[in-house]
Amino acid sequence: MPCHTETLIAVEGFENNINEDNDDHSSYSSENCSDYDLLSNLSDDDDISTGSILSDDDDTNFSENSTDQELETSAESEFDYEHLWKYLDDDFANEFHYCESCFELFPADTDTVRCGKCNNPRFKMLNKVKQPRASFVMANINRQLKNLLQSPGIWEDVLKNKNYIRNRYLQDNETITDITDGSLYRKLLSENDFLNGTDNTNLTAVINTDGVSLYSSSKVQLWPIFMAVNELNPCARFARENVILAGIWQGKGKPPFNTFIGSFCKLMNDLYDTGITEKLNGEETTVKLKVICGIYDLPAKAAILNMTQYNGSDSCITCEEPGKTVKQGKGTSRCFPYRETAEKYPNRNQAGVKLAMERGTERNRIKGFKGTSPLLDLKNFDIVSGTPPDYMHGVLLGVTKTLLYKWFSSTEKGILPNKYLEHFACLAEGVYFLLGDKISKNDLQRAHILLDAFFRNFSNLYPAGSCGLNVHNIGMHMVEYVRVLGPLWSWSCFPFEDCNSMITKTVHGTGDVTKQVMKIKEAQALLRNNLPLIFKGKKLEES
Numbered sequence: 001m002p003c004h005t006e007t008l009i010a011v012e013g014f015e016n017n018i019n020e021d022n023d024d025h026s027s028y029s030s031e032n033c034s035d036y037d038l039l040s041n042l043s044d045d046d047d048i049s050t051g052s053i054l055s056d057d058d059d060t061n062f063s064e065n066s067t068d069q070e071l072e073t074s075a076e077s078e079f080d081y082e083h084l085w086k087y088l089d090d091d092f093a094n095e096f097h098y099c100e101s102c103f104e105l106f107p108a109d110t111d112t113v114r115c116g117k118c119n120n121p122r123f124k125m126l127n128k129v130k131q132p133r134a135s136f137v138m139a140n141i142n143r144q145l146k147n148l149l150q151s152p153g154i155w156e157d158v159l160k161n162k163n164y165i166r167n168r169y170l171q172d173n174e175t176i177t178d179i180t181d182g183s184l185y186r187k188l189l190s191e192n193d194f195l196n197g198t199d200n201t202n203l204t205a206v207i208n209t210d211g212v213s214l215y216s217s218s219k220v221q222l223w224p225i226f227m228a229v230n231e232l233n234p235c236a237r238f239a240r241e242n243v244i245l246a247g248i249w250q251g252k253g254k255p256p257f258n259t260f261i262g263s264f265c266k267l268m269n270d271l272y273d274t275g276i277t278e279k280l281n282g283e284e285t286t287v288k289l290k291v292i293c294g295i296y297d298l299p300a301k302a303a304i305l306n307m308t309q310y311n312g313s314d315s316c317i318t319c320e321e322p323g324k325t326v327k328q329g330k331g332t333s334r335c336f337p338y339r340e341t342a343e344k345y346p347n348r349n350q351a352g353v354k355l356a357m358e359r360g361t362e363r364n365r366i367k368g369f370k371g372t373s374p375l376l377d378l379k380n381f382d383i384v385s386g387t388p389p390d391y392m393h394g395v396l397l398g399v400t401k402t403l404l405y406k407w408f409s410s411t412e413k414g415i416l417p418n419k420y421l422e423h424f425a426c427l428a429e430g431v432y433f434l435l436g437d438k439i440s441k442n443d444l445q446r447a448h449i450l451l452d453a454f455f456r457n458f459s460n461l462y463p464a465g466s467c468g469l470n471v472h473n474i475g476m477h478m479v480e481y482v483r484v485l486g487p488l489w490s491w492s493c494f495p496f497e498d499c500n501s502m503i504t505k506t507v508h509g510t511g512d513v514t515k516q517v518m519k520i521k522e523a524q525a526l527l528r529n530n531l532p533l534i535f536k537g538k539k540l541e542e543s
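Just so we're aligned: 257 in this note's numbering is position 257 of the sequence shown, and the numbers increase by one with no gaps anywhere.
Any given hint could be a false lead.
To be verified - If you anchor each label on the Cβ, the simulated ranges turn out as follows:
#, residue 1, residue 2, range
1, K419, Q328, 21 to 29 Å
2, N418, K252, 20 to 28 Å
3, K252, T112, 22 to 30 Å
4, K419, G331, 37 to 45 Å
5, A428, T332, 25 to 33 Å
Calculated from the structure, these hints are not laboratory results. Please read all numbers here as calculations on a predicted model, not as lab measurements. Every residue gets a Cβ at the ideal spot worked out from N, C-alpha and C, and that includes glycine.
Hey, can you work out the whole structure from these sequences and the hints?
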């Protein structure tokens, strides 16, 4: 619905020619996006269906009996549950112990039983078994990346897409179709940078972490770290089986992010510097990986960045807007008011953020920062452009949900004036443009006008206290992040929320399930990469 009311803003002069660019992008329709369309060497539909069940075993929770039954139904094979686990060694993940008081990591060897910083004990006795008081698990990310790239059809898809991305860059095509058309990615394609060169085999990734309740009757949460490879086509990129599970923490509340994310960053730095060398399509190939973007909800983002939460002063990572305190109900609230161009606060940059983090403390916050973030240690990572506001949480679960609550509040009555619909239409149409798969310069300009109008008029229609950080991000920064990172869907939390759901369905029993989840992920990769052998009734050692 166009936003054309004089009360809000006129948008005449912009033609409704959405997706006018006729760029020949290779399309991936939903019918071509089944979980296992990449298993091209399986000739039979029943085989593909079984492979999908085995490698994404949600309904059966990957239990021993169900797996044996499905393996029996899939082929006349001697490959059973016990045979599967035989090929899973202990190298699929590493357990990290840390002090539950000061969060310092313990050495890898278990001889150190007390924290060197605060003398807290490392272990506790549970059912006469010595267990770490606090720990998390990191995957063997090199192996997970290898498993992904050696999956049937994946490396061919990567090479095809890298060639397509490079050609678009050389043609200077300005239409934004994916994260690979954003200015941040294109900078990496420039001379002497990470992705430059016709024979370049390096990859990039988007990461995510968020808490998911393990049991409905408990406060215990899992915090997985997920990673999606941008050089896969969008359909394959966000498929459950292709999203890498890099780490997982279990406990009540939130993990110690400096320790948890810091350990992940060290692993990623090794992949950035050295990478993996594996035989792909018969050729020895070195592949390096770089994180270009992390997407989180607002509470998780603030915790990872070690800064003020979204309802506090200086809580925007993109600019230095402090917000202001306004009365709301019987108390106060932090709002982020609309400002004209001359009054706007400057945008943040990497150097300024680093300085503020290094100077900030819990008691003396500098521009919102309480100390350093583990993301500072991630090599060649820009914290400002690399931590955008999430569309799913900010637009849908944030602003839209808030507006629905206000419109249908039981304390109100009557019919809302048309200006409320026209105001919301500005948000709907603006976001529609930013979700496109062919976003032109004209689309970006129109989206900017619409979302600016939505932000400017928000406090005229709703209490000032409702104009929070989500509204600020939408009106001030969302269009620019699409220029930098591509369409909203290419760095949304949606696919990672789906992976969270998958994890909870694989859990059996109580206690620490982190290694169990990791082992199941490894088993799925093993099955996926060896399905042709299984269907032929062969043992894996025959391969």
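Against the structure, the hints:
{"no.": "1", "hint": "K419 / Q328: 21 to 29 Å", "in the structure": "holds (22 Å)"}
{"no.": "2", "hint": "N418 / K252: 20 to 28 Å", "in the structure": "violated (48 Å)"}
{"no.": "3", "hint": "K252 / T112: 22 to 30 Å", "in the structure": "holds (25 Å)"}
{"no.": "4", "hint": "K419 / G331: 37 to 45 Å", "in the structure": "violated (28 Å)"}
{"no.": "5", "hint": "A428 / T332: 25 to 33 Å", "in the structure": "holds (31 Å)"}
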